[in-house]
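Chain residues, written in single-letter form:
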Amino acid sequence: MIEIKNTEIGFDASLFAIPEMDFDQGKVHVLLGKNGIGKSALLNTLSGLIYPIEGSLSFDGKLLSDYSYKHLAKKIAYVRSNVKGVPFLTVDAFLLLGRYHDKNFIGKHSAEDYGLIQKAKDLFGISHLADKFTNELSSGELHLCAIAKAYVQQTDYILLDEPTSHLDYANKRKIYELLGKMASEYNKGIIISTHDLDLAFKFPFDFYLIESQSKTLKSVKTFKEVEREFI
Amino acid sequence: MNSNRSNTILLLPVGIGIVLLALLGLHIGDIPTNGLDVYNAIFTYSDSNLSELIIREIRLPRVCIALIAGAALSIAGMLMQTLFQNPLAGPYVLGINSGASLMVAIGILSGAGFLSTELGLIGAALIGAFVFGLFILFTASFLRSQIGLLLFGVMLGSFVSAIITILELSSEAESLKAFTLWSMGSLNGVTIEQLPVIFLVFILGGVASLFIVNPLNLLVLGEEECRLMGYNVKRLRLMIVFITALFTGLITAFCGPIAFIGLAIPNLTRMLFKTQDHKLLLIANLLFGALFLLSCDILIQLLSAWILIPINALTSLIGAPFVIYILIRKIR
Chain A
1 MIEIKNTEIG FDASLFAIPE MDFDQGKVHV LLGKNGIGKS ALLNTLSGLI YPIEGSLSFD
61 GKLLSDYSYK HLAKKIAYVR SNVKGVPFLT VDAFLLLGRY HDKNFIGKHS AEDYGLIQKA
121 KDLFGISHLA DKFTNELSSG ELHLCAIAKA YVQQTDYILL DEPTSHLDYA NKRKIYELLG
181 KMASEYNKGI IISTHDLDLA FKFPFDFYLI ESQSKTLKSV KTFKEVEREF I
Chain B
1 MNSNRSNTIL LLPVGIGIVL LALLGLHIGD IPTNGLDVYN AIFTYSDSNL SELIIREIRL
61 PRVCIALIAG AALSIAGMLM QTLFQNPLAG PYVLGINSGA SLMVAIGILS GAGFLSTELG
121 LIGAALIGAF VFGLFILFTA SFLRSQIGLL LFGVMLGSFV SAIITILELS SEAESLKAFT
181 LWSMGSLNGV TIEQLPVIFL VFILGGVASL FIVNPLNLLV LGEEECRLMG YNVKRLRLMI
241 VFITALFTGL ITAFCGPIAF IGLAIPNLTR MLFKTQDHKL LLIANLLFGA LFLLSCDILI
301 QLLSAWILIP INALTSLIGA PFVIYILIRK IR
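So the sequences go chain by chain: A and B. Heads up: the first sequence at position 39 corresponds to 39 in this note's numbering, and the numbers run straight through without jumps. Heads up: the second sequence at position 104 corresponds to 104 in this note's numbering, and the numbers run straight through without jumps.
By construction, these hints were calculated from the structure, which means they are not laboratory data. In this text, all values refer to a predicted model and were calculated from it rather than measured experimentally. Here a beta-carbon is modelled for each residue, glycine too, at the ideal position from N, C-alpha and C. Just so you know, not all the hints are guaranteed correct.
Unchecked claim - Some, not all, of what chain B presents toward chain A, calculated at C-beta under 8 angstroms: (1) GLU193; (2) PRO196; (3) LEU218.
To be verified - Stretch by stretch, here's where chain A covers chain B in the computed footprint (C-beta under 8 angstroms, at least three residues): (4) 149-159; (5) 275-287.
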């Protein structure tokens, strides 16, 4: 469980405040808010890439800042919004990098590792891309692979920054369904940011809004509560 | 992944090619020698036999340094390219050579003190390369554009050559000649006594590179991805700069600046093997780099009856068009 209390979030200066909020495992948490309001800043903070401007967050009862990089990589995976393809890096090799945190310095991959990437490929329907180079994929395909890599990482939490922004409608649906499935079947805590309000509200997710007037994060239940913010 | 495995077989002919060319290299020259001379020169050497003397004192060091310099500069280039995620990076274009050159220039041209001794020169070149490497690393932390970083390297090179020109003007004729010859690049300067030290430093850098192949595989995804996968990138970056400086400084001190190998060979190997597996790339760069520089040297020897070509000129003549080809491919 991620617990946040009296915390200010931002890159260099505070963008918004979180009076109190918990993110449980087994659910999909959706962050909503205008451009530049601080959704990415919150995800970056949760991933440990940046520190909160004020206050602190705890993860399973321990301060996030007390975790080592390696330990954190076993607990939290983060799919950034700008996934870049790399020339000559195949999808298989890319997915195997998701096991990196579990490797010693020799870095030999086990049968379980290969089993895991096969399972990820099946789950995300990307088996046909296995031998393709990541820079030759469409941005939608690349994003699917990046999410599959986060799955391969086998963490309790997966954070995704606008995972659906590059995708067509069918693929957006597919991603939301898969995220829901990972939360319910594998008990993962999924936290995403998105601008796809209409579609997201069709799913039984938990929603949060970063309100631009009060500059605070609050929990919202219905589309109506959010609508005002965007009109 | 299967595609890698089938390409790995390419390493075999390259390895055989190195052995054959090395044997050829021991035979090429004004004085004809045969296989028995080579065997004797290596195993039962006596300095009263002219053929054995020439093989052991001139040709053997030359072939060895060609192999080591080619391998070292190629590996250094591979490390730079992965570090900066930039296929156009290399120890020469980024100006790491310039750091070593500047220190050697100061050493030779000032002609005084500890700096102008052999050990002093090597130490100075290593320090120069390392300091410039750190400088580029620091600059890269806020100069994010790929082309920007290259321009910075070129500017660094221009700046250093301006300083060197000033040093040249105010130096003695003899040291000026020595420095000019050095700056053309030459594989002739190394003696058999120096080889063990060079080899040892090369092995040190090679083993250090082997230690970081796995994090390098991760680094191609970018520094933040590295961090998110639980790896501390700062240490890795320092390690890369250290190894690159070690290789570049070592080779620059002994052979002068040798351009473009560190840029062309890593690109060639990535294109041939189509992989980001740095264990394979490390071996490939080692073998292809060694083969390439040895071939260049043998070509120079074969042409020497008609025209004298400095090694740095030949690698530039071959390397520069290849780099332009990569540029055009990339921009299109």
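Taking the hints in turn, this is what the structure says about them:
1. GLU193: Interface hint status for GLU193(B): violated (36 angstroms vs cutoff 8 angstroms).
2. PRO196: Hint on PRO196(B): violated, closest Cβ of chain A at ~29 angstroms, above 8 angstroms.
3. LEU218: holds (5 angstroms)
4. 149-159: violated (count 0)
5. 275-287: Our answer is that it holds, as 3 residues pass the Cβ test (under 8 angstroms) against chain A, meeting three.
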